[in-house]
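Trainee: Whatever position you read off the sequence shown (first residue = 1), add 534 for our numbering.
Be careful, since some hints might not be right.
Label pairs and their computed distance ranges (CB to CB) [to be verified]: (1) Glu631 - Glu946: 25 to 35 Å; (2) Ser865 - Thr633: 23 to 33 Å; (3) Phe1102 - Tyr1058: 25 to 35 Å; (4) Ile1056 - Ala889: 50 to 60 Å; (5) Pro651 - Pro885: 17 to 27 Å; (6) Lys905 - Ser682: 27 to 37 Å; (7) Pro699 - Val903: 52 to 62 Å.
Read the hints as simulated data drawn from the structure, not as lab findings.
Think of the CB as a built atom: it goes at the ideal place given N, C-alpha and C, for glycine as much as any other residue.
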Amino acid sequence: MDKDLNLDQKTPMYAKHARYLALAAAVSFSSGATAQLLHNVTIGNPKALALGNAVTADPPGIDSIHFNPAGLAKIKGRQMNLKVLAAHMTIDGDIGEPTRPTNTIKEVYYQGNNGNPNKPQCSGGAVPTQEELDNCWGIDPIANTSTSIDGPGLMLPFVGFTEVPILAFPAGGIAFEDPARGWTFGTAVYSPQGIGYTRKDGDPKDGIGDPGAYQGVNVGVTRLTYFSPTVAIPVSDRLSFGVGINFSYQGMALDTYIRAPLETTQFLDSVNELPLPDDLNIIKPYDTVGRLSMEMEDFLSVGFNFGILYEPYDWLSFGFLYQSETTSQLSGDYKMENTEEFMLTTEGLAPLGGALGAFGGAAFNATEVEKGTVELEYLMPQNIAFGTSIKVLPNLKINFDVRWVEYSVWDELKFEFSNNVDFLNLSSVIYTVAGGFDVKDNADPDEMRIRRAYEDTWSVAIGAEYQWNDNLVLRAGYEPREGAIPSSSADLLFPIGDADLFTAGFGWQMSNTTRIDAAFGILYSEQSIDACESKNANTCQEGDVVYNPYYSMPFETETTAYIAAISFDKKF
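Please work from the sequences and hints to get the whole structure.
Mentor: Structure, rendered in structure tokens:
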């Protein structure tokens, strides 16, 4: 029996009035990106973390429930596990100079607003100077600025989004062997997904809030598996199968400022027939539209895991894991707080009533605060892992895993609101009149469809374990994580491209029945996105207004996560 595992195992992402509808806003939310950043990391198992998560063929005790259910068969008798995971994350970024609009666009905007009493900054001569063009359009207040998160936060069951001093998750599980059949049963509490943060609050337009607040002031995504009945069946001394069902809570909190500084004016001539007032007070390009906050939950999201463990020799093992796709029917409340500038716009458009119906719109509420309920069908993608564990020396074992995750299921997120929302109403009109520009319609008055367009990933992981003496085992691991978010889908909500996870840890066998394991890991990811490159943040595509708050601005981001885990296992 391997000395390291004698407690539980054998082998160890303007033309005239037409210009007045050149406003649309929506908000891009993706909690999906968190999965590739944190896939397996927030389980909190020190052995798995220390080995770079290369444990499919070397399952880690009770947490085999998640990593490979067949590994439970290696537990003899009764065993309990208690553990704590703590993490700290930093997200920093730089936003560059916008490359658009061109002077042609600025001049069209100037000519359309020249003489408008609501746009005194656009008053001037018939042939504007460069200074007059710039003053009329405005200067982006977040150009050439930096962004960072302030601290951690979590979406908690029954509580909602909560700022916390540190991201920490206590968890644990229990397993017992049926001595008559040799089957092993177990269940555990763990968090497959737990991440959140806060940014400096305040409207970025006024220089108070963080520039990244247009893609998240408070963000929290939590998946908590509270019951995971699992059974492992040894077919022989060398082959075991395991299957488990997991019952989970899924929660999401999203709170963000909204703006829409896109060039959406050149294709809106088709709405000239609308009886718009000459002095309509339209919001300026860089004004904030409002602040949208949502909290949604599902207390019963069900999935299953299936695993195989084959050990042809004492020095060699192979593992297979399948984790099913899960669906969460998230529901909760939303609140849209419209700014004074946007209110002036909607009040001017409200007299149109149902006339906007011909353009995909509806009557405007023109209220300062809009409230209601919101729903979202949220998927966690299926994934498959293959692994091998080889004892290359009497005291040295090497683990290697290959993993595939179907992140392409995150093509878009569809938020369904109980009532019409003014900023979505106007967005719907923009998409209707922009139809000739081959732009996908992402908004209805009561629905927001957020483009994600993520990609499936293949990734590898490698870990090494060295038996220092009868009681101490040392571990190290490396996992280069292929990003699920291509540059065309990057944003500042969860700015994660390709990432590298470096880990180390140890296990200490205190007695025949008691063991302590600990691990530490550092995950690093950076990305550099050119102007107009991402359709989820800074596109220059005409009419693509949901959602690109960093229109034509290049940005760079750097994300670092520090993870520590410690566990206590005891037979009883």
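Trainee: Give a verdict on every hint.
Mentor: Evaluated hints:
Against the hinted window of 25 to 35 Å, the Cβ-Cβ separation of Glu631 and Glu946 comes to about 30 Å, which satisfies the hint. For the hinted restraint 23 to 33 Å between Ser865 and Thr633, the CB-CB distance of approximately 40 Å leaves it violated. Between Phe1102 and Tyr1058 the CB atoms are about 29 Å apart, so this pair conforms to the stated range of 25 to 35 Å. Evaluation of the 50 to 60 Å hint for Ile1056 and Ala889 yields a pass: the beta carbon distance comes to about 58 Å.
Between Pro651 and Pro885 the C-beta distance comes to about 18 Å, which sits within the given range of 17 to 27 Å. Distance hint for Lys905 and Ser682: a CB-CB separation of about 31 Å, consistent with the stated range 27 to 37 Å. Range check, Pro699 to Val903: Cβ separation about 31 Å, and the 52 to 62 Å hint is violated.
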